[in-house]
Amino acid sequence: MIKKNFFKKIYEIQKKIRVVEEKIASQYSKNKMRCPTHLSIGQEAVAASSGLALQKNDISISYHRSHAHFLAKGGSSKKLFAELHGFEEGCSKGIGGSMHLVDLKNNFYGSTAIVSNSIPIGVGLAYSLKLAKKKNLVCIYIGDAAVEEGVFFESINFSILKKLPVIFICENNFYSVYTHIKDRQPEKRKIYKLASAMGATSHLFTQDNPFKLFKKFDELFKKIRKNPKTHFVEVETYRYLEHCGPNDDTLLGYRKLQDVKKWKKKDPIDFSKKYLIKNKIFKISQINNLDKKITNFVDKDFNYLNKLKKPQFKNISKLVYKR
Amino acid sequence: MIKKNFFKKIYEIQKKIRVVEEKIASQYSKNKMRCPTHLSIGQEAVAASSGLALQKNDISISYHRSHAHFLAKGGSSKKLFAELHGFEEGCSKGIGGSMHLVDLKNNFYGSTAIVSNSIPIGVGLAYSLKLAKKKNLVCIYIGDAAVEEGVFFESINFSILKKLPVIFICENNFYSVYTHIKDRQPEKRKIYKLASAMGATSHLFTQDNPFKLFKKFDELFKKIRKNPKTHFVEVETYRYLEHCGPNDDTLLGYRKLQDVKKWKKKDPIDFSKKYLIKNKIFKISQINNLDKKITNFVDKDFNYLNKLKKPQFKNISKLVYKR
Amino acid sequence: MTKITYSQAINKALTEEMSRNKKLVCFGLGVNDSLNFFGTTKGLVKKFGSERVFETPTSENAMTGIGVGMSLNNNPCVMMHQRLDFFLLAMDQLVNSAAKWHYMFGGKNSVPITIRLVVGKGWGQGPTHSQSLQSWFAHIPGLKVVMPSFPSDAYNLLKKSIRDPNPVIFIEHRWLHNIEQETKKIKYKNKQNLTELISKGKDFTAVSYSLSTIEMLSIKNVLKINKISFDLIDLKSIKPLDISVIKNSLKRTKRLLVLDSISHPFCSIGSEILSQLYREKNIKLIKPPLLKTLPDIPTPTSTFYTRDFYIKKNDILNDISKLVGKKIKLKNSDTILHDVPDSNFKGPF
Amino acid sequence: MTKITYSQAINKALTEEMSRNKKLVCFGLGVNDSLNFFGTTKGLVKKFGSERVFETPTSENAMTGIGVGMSLNNNPCVMMHQRLDFFLLAMDQLVNSAAKWHYMFGGKNSVPITIRLVVGKGWGQGPTHSQSLQSWFAHIPGLKVVMPSFPSDAYNLLKKSIRDPNPVIFIEHRWLHNIEQETKKIKYKNKQNLTELISKGKDFTAVSYSLSTIEMLSIKNVLKINKISFDLIDLKSIKPLDISVIKNSLKRTKRLLVLDSISHPFCSIGSEILSQLYREKNIKLIKPPLLKTLPDIPTPTSTFYTRDFYIKKNDILNDISKLVGKKIKLKNSDTILHDVPDSNFKGPF
Ligand SMILES: Cc1ncc(C[n+]2csc(CCOP(=O)(O)OP(=O)(O)O)c2C)c(N)n1
Ligand SMILES: Cc1ncc(C[n+]2csc(CCOP(=O)(O)OP(=O)(O)O)c2C)c(N)n1
Ligand SMILES: [Mg+2]
Ligand SMILES: [Mg+2]
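Chains as they are written, first to last, in this note's numbering: chain P, 187 to 509; chain V, 187 to 509; chain B, 80 to 428; chain U, 80 to 428.
For the record, the hints were derived by calculation from the structure and aren't laboratory data. All values derive from a computational prediction rather than experimental measurement. Think of the CB as a built atom: it goes at the ideal place given N, C-alpha and C, for glycine as much as any other residue. Each hint should be verified, as a subset may be incorrect.
In silico lysine-lysine, DSS-like type, Cα no more than 25 Å apart, as pairs [as the list claims (entries may be wrong)]: (1) Lys348/V x Lys368/P; (2) Lys326/U x Lys363/B; (3) Lys281/B x Lys360/U.
Here's a subset of chain U near chain B, in silico, CB distances under 10 Å, partners left out [stated by the list, open to error]: (4) Gly118; (5) Phe127; (6) Ser129; (7) Tyr182; (8) His343; (9) Cys346; (10) Glu359; (11) Pro367; (12) Leu369; (13) Ile376; (14) Pro379; (15) Thr380.
Covered, in the sense of this in silico footprint (three residues per stretch, anywhere, with C-beta under 8 Å from a C-beta of chain U), are these stretches of chain P [as the list claims (entries may be wrong)]: (16) 277-285; (17) 309-319; (18) 336-349; (19) 494-508.
Build out the structure end to end from the sequences listed, making use of the hints.
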């Protein structure tokens with residue numbers, strides 16, 4: 187990638203994810219997106235930089251908070267919006283909703299709603315890559331609670347045993363719903379070290395500088411494609427809004443206002459913007475133009491919903507079995 | 187314990203377990219013990235020395251290969267034989283069979299037949315000890331395959347999180363049925379190190395010298411009773427007979443004859459006997475007498491079965507629910 | 080006249096039982112968080128401390144086994160799951176441990192655990208947040224299953240479940256949580272009959288439980304206007320199941336509708352009821368019985384689909400019309416807000 | 080006349096399908112070990128290599144998900160469990176992933192996985208090594224369930240299951256493994272009817288599947304001597320279930336016995352069949368139908384108990400006697416070796 191283009195892309199995808207998510211947040215109260223929706227505002231950098239480092243033939247799979255991963259792998263915001271609104275034009279025909287996204291064209295194999303449920307599926311996808319002698323990898327996104335489910339350990343054990351090309355990316359936002367990690371996992375234990383003891387090659391990345399983060403993922407993925415093995419990356423991150431839904435929830439009191447502030451202060455998108463300007467890669471006006479373009483694009487995708495017709499249950503009731 | 191008595195006890199319990207198991211093996215072909223039976227001949231030292239180091243109020247719980255743990259915790263060989271033969275006088279009224287032993291009087295809470303199934307139950311028992319502010323511990327016996335089940339990780343995570351007085355004792359005999367550990371777990375990964383990365387205090391013991399092994403368990407258990415925490419001990423060991431049943435299975439070819447020989451050569455019971463004689467703790471004749479006494483005792487317990495009456499299904503069919 | 084909701088009734092039962100038995104322990108995801116498990120665990124941690132009331136890691140299988148272990152050792156437990164679907168991870172501990180322990184160890188010990196499971200509906204709960212598997216649990220010897228419809232029964236049955244020395248699956252439909260009843264009806268009755276005839280009529284017998292009982296009540300008026308009355312039998316306990324009340328009623332009405340509206344059809348509780356009745360010598364029905372369940376299709380997420388996925392009042396009325404051979408004037412019910420329990424409800428959970 | 084056993088038929092089906100489809104993968108505990116999964120996987124690893132045929136860690140839940148992942152990505156799978164009971168650990172992956180994937184992602188992808196489950200009986204299999212949960216699986220939309228009784232059906236249905244783009248639960252009763260049939264009967268028929276009338280008579284209709292079909296056949300002669308004949312309907316496929324064959328037969332016989340002898344009663348397949356028939360307008364039985372299942376009690380281990388726990392031939396004959404209203408002379412069957420399939424069998428597995 188040419189340097190300028192490279193910076194642009196990383197900025198763009200982050201920004202697009204944020205704009206899409208903010209659109210959802212701002213429209214949610216209209217009660218037309220009638221499904222449990224987990225936004226990743228604040229966490230976009232991980233999805234953006236890893237997603238961009240993935241090749242199209244690499245596979246990814248994700249969990250309940252997956253809009254960002256879907257979009258970063260190339261998923262269409264139109265289909266995302268349609269899915270949330272329950273239209274047949276949604277990526278899962280409206281049957282799956284926010285927690286069940288899929289985009290096979292871009293090898294985003296799916297996201298699922300049960301904690302850790304998609305992990306072994308990702309490992310199975312990787313076994314298939316191995317059988318087909320493909321030089322690609324599977325990226326499995328997980329949250330910090332995922333490593334509390336036994337199936338995580340069963341899956342990573344198998345993945346390591348069979349030397350499968352798998353990269354686990356654990357977005358540690360410290361919370362599972364309203365419960366802090368210290369109430370769920372032993373203090374001082376680092377998730378990535380645990381993965382390392384299982385036998386994975388393990389890394390701790392930070393999201394502060396998304397450009398650097400991209401480089402790290404990019405290097406790592408190249409390595410895995412060349413030398414198939416199971417890797418694990420933990421990135422500490424933070425969600426700005428409530429666990430599920432469009433609102434700010436700091437008043438609930440389960441997390442400190444100052445923590446939220448601290449993380450917002452080092453917001454990766456703000457950082458990226460400043461970085462691009464400070465390093466004279468883009469001018470302010472160029473970035474503002476880019477932002478506007480993104481907003482317009484997202485608005486257009488959203489407005490397209492107005493054209494859609496209400497779908498009918500009888501059209502999907504035959505989908506239980508493939509014929 | 188007076189020194190002599192201490193040596194005697196450790197020898198005695200090992201020997202007793204072996205004699206009981208050999209009795210089962212020699213009688214199994216009569217087709218009267220009609221249940222899947224996993225013998226621990228070759229592995230007795232771990233059960234014996236840990237069992238002896240447990241206090242009566244300590245709890246233990248085990249897996250499918252549990253005769254030794256049951257006996258070492260004080261379980262009656264009479265009740266064990268009766269259980270295997272399906273009599274109502276068995277420790278589980280004949281309902282459970284070899285894989286479901288219990289002896290609440292001695293706080294042996296049970297052994298179960300599904301790999302890793304008893305692990306969380308042991309952790310729950312420990313939570314109860316904590317709530318009751320008792321200064322005892324729970325000993326959870328597991329095989330090497332147990333750490334392949336997710337529930338092991340979930341359970342040890344909770345145990346560490348809540349600082350429960352739990353000691354995991356993993357009897358690593360390298361095999362799960364006919365499959366070597368290298369085909370199930372990443373090479374070079376040590377189980378006890380994995381437990382340590384989870385956050386347990388972790389140890390690797392050897393069974394070669396059962397007297398030393400006892401001391402190690404004894405010290406460790408005292409520590410845990412004083413300072414409740416989750417510990418993990420791995421002991422490498424070896425079963426001499428087939429996975430399930432009374433026969434030698436070296437001809438099946440899944441393990442090397444020379445491995446079996448190697449382990450038999452350093453048989454802990456032989457070692458103990460020699461040790462006692464060499465160090466002049468007992469005379470040969472004394473040990474031979476002891477052996478005879480044990481054999482007689484076990485024979486008597488076995489012969490008692492002749493007196494038992496066939497139990498009736500209608501007597502147990504009301505046991506599904508407690509009233 | 081003061082009123083109490085279903086979730087408050089549960090909260091009251093939990094609070095009283097925790098006070099009554101100092102050994103009782105409560106745990107589950109959300110038990111101590113800001114929303115207090117739909118309000119049902121409010122105040123518990125403050126009153127009884129975080130050793131007896133605690134959040135857990137997301138480890139459903141181990142936590143079930145841990146609950147079994149505690150219950151075996153003098154600490155009865157209430158374990159809770161915000162969706163029944165999550166509990167699928169724990170079937171080994173439920174079926175191979177909890178259900179069989181008392182029996183398989185010769186009655187030496189027992190497992191007084193109560194497992195609260197919440198069933199989701201509407202607002203895009205979708206395929207993996209809306210399942211209701213009472214027929215699975217009822218299939219397993221060693222388990223008991225209760226599914227109360229009213230606050231008073233929720234209160235009573237939760238207390239009974241907690242005091243039961245056996246594992247009890249206590250299933251709450253999410254849409255019942257805000258249902259109200261007069262506070263004075265909330266009384267502990269040790270000897271309450273389980274299955275109960277809660278409303279008497281003559282044209283047919285309706286059998287239902289949990290939300291379906293509320294659904295049957297909601298059409299009572301329309302039927303009355305159309306001069307149709309019915310016996311309404313609320314099961315409350317799914318296992319053990321007492322069909323004697325149903326048999327007695329059928330002797331009079333000779334027509335049967337089983338509304339099993341929160342279950343898939345195949346091997347459902349409804350099927351079991353019909354199977355038991357079919358084998359009875361003395362039951363003669365005028366028409367074949369009707370069984371209404373969800374379709375044999377996973378729950379879709381989109382509100383456009385759920386409208387036709389869930390059973391509508393008009394569908395039930397149409398069926399009743401055929402069952403009793405009378406025309407019923409239908410109202411335009413169910414056309415709006417079919418995917419929320421009431422108009423106060425703001426999604427998603 | 081050469082003969083082939085049920086387990087050899089499975090081995091043949093697996094071998095042929097592995098040859099036919101180079102993408103097909105087989106795995107499970109015991110697949111490659113010295114006993115070859117009751118002989119059913121003999122020779123596979125040699126022929127197809129250890130990448131396509133492999134042993135697994137003891138990780139039932141993950142391995143199910145891994146199978147789902149492979150099947151989503153062009154590698155149909157056969158996963159195997161030596162006891163159905165172990166598979167209880169994998170209900171999340173089965174129900175929340177495999178069963179729903181095709182539907183919940185809008186039909187974009189499907190899960191061609193076949194899951195072989197072996198059901199244990201006798202010789203002290205006990206409470207956690209003998210469960211048969213076909214009614215659980217059949218309750219879940221998105222799954223198919225087959226339970227063949229004969230080598231030819233095992234062969235045929237395993238091939239069909241493997242080629243099916245949907246998840247299929249293939250349940251084998253351990254006592255069927257040594258059952259023999261003429262080799263020439265082993266032929267692949269793409270269009271085979273599922274539920275089949277395999278023997279015709281007039282006094283009553285018997286419905287059975289898996290081992291219960293063999294049990295019904297084993298009393299055919301005694302009944303014949305007593306001048307009683309029956310329609311024997313072998314279900315083969317539990318889900319989907321085709322009751323039309325049963326309905327047709329009942330029009331003639333008007334008496335029904337459902338032998339569901341490897342299931343607990345509550346919400347069983349037998350219950351489902353009765354429930355479906357009860358709702359039919361055109362079925363008029365002379366006597367209430369009979370349903371025979373295991374008692375609602377977990378399997379005991381002791382051979383002294385299992386004798387009365389499992390259904391005896393004489394019990395079935397007694398029931399039939401009542402059903403058809405004729406006396407039957409009983410023989411002293413079932414008094415010896417009731418807990419092994421044949422006299423060659425040496426425990427424990
Ligand atoms: C098996 C299971 N248990 C519980 C839940 C309820 N639940 C939904 S999201 C969530 C939090 C998971 O936390 P984490 O993995 O850290 O992801 P995050 O929401 O923080 O992104 C929980 C517990 C679930 N979906 N599945
Ligand atoms: C969940 C489950 N899966 C498979 C089995 C079958 N099985 C019985 S014993 C055994 C081997 C376990 O090996 P290990 O834990 O090392 O104990 P060992 O037999 O070597 O003492 C297996 C796989 C089972 N009982 N439970
Ligand atoms: Mg989190
Ligand atoms: Mg082993």
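Now the hints, each set against the structure:
no., hint, result
1, Lys348/V x Lys368/P, "11 Å, holds"
2, Lys326/U x Lys363/B, "20 Å, holds"
3, Lys281/B x Lys360/U, "22 Å, holds"
4, Gly118, "27 Å, violated"
5, Phe127, "31 Å, violated"
6, Ser129, "29 Å, violated"
7, Tyr182, "5 Å, holds"
8, His343, "6 Å, holds"
9, Cys346, "4 Å, holds"
10, Glu359, "6 Å, holds"
11, Pro367, "5 Å, holds"
12, Leu369, "7 Å, holds"
13, Ile376, "5 Å, holds"
14, Pro379, "8 Å, holds"
15, Thr380, "8 Å, holds"
16, 277-285, "holds (count 6)"
17, 309-319, "holds (count 10)"
18, 336-349, "holds (count 7)"
19, 494-508, "holds (count 5)"
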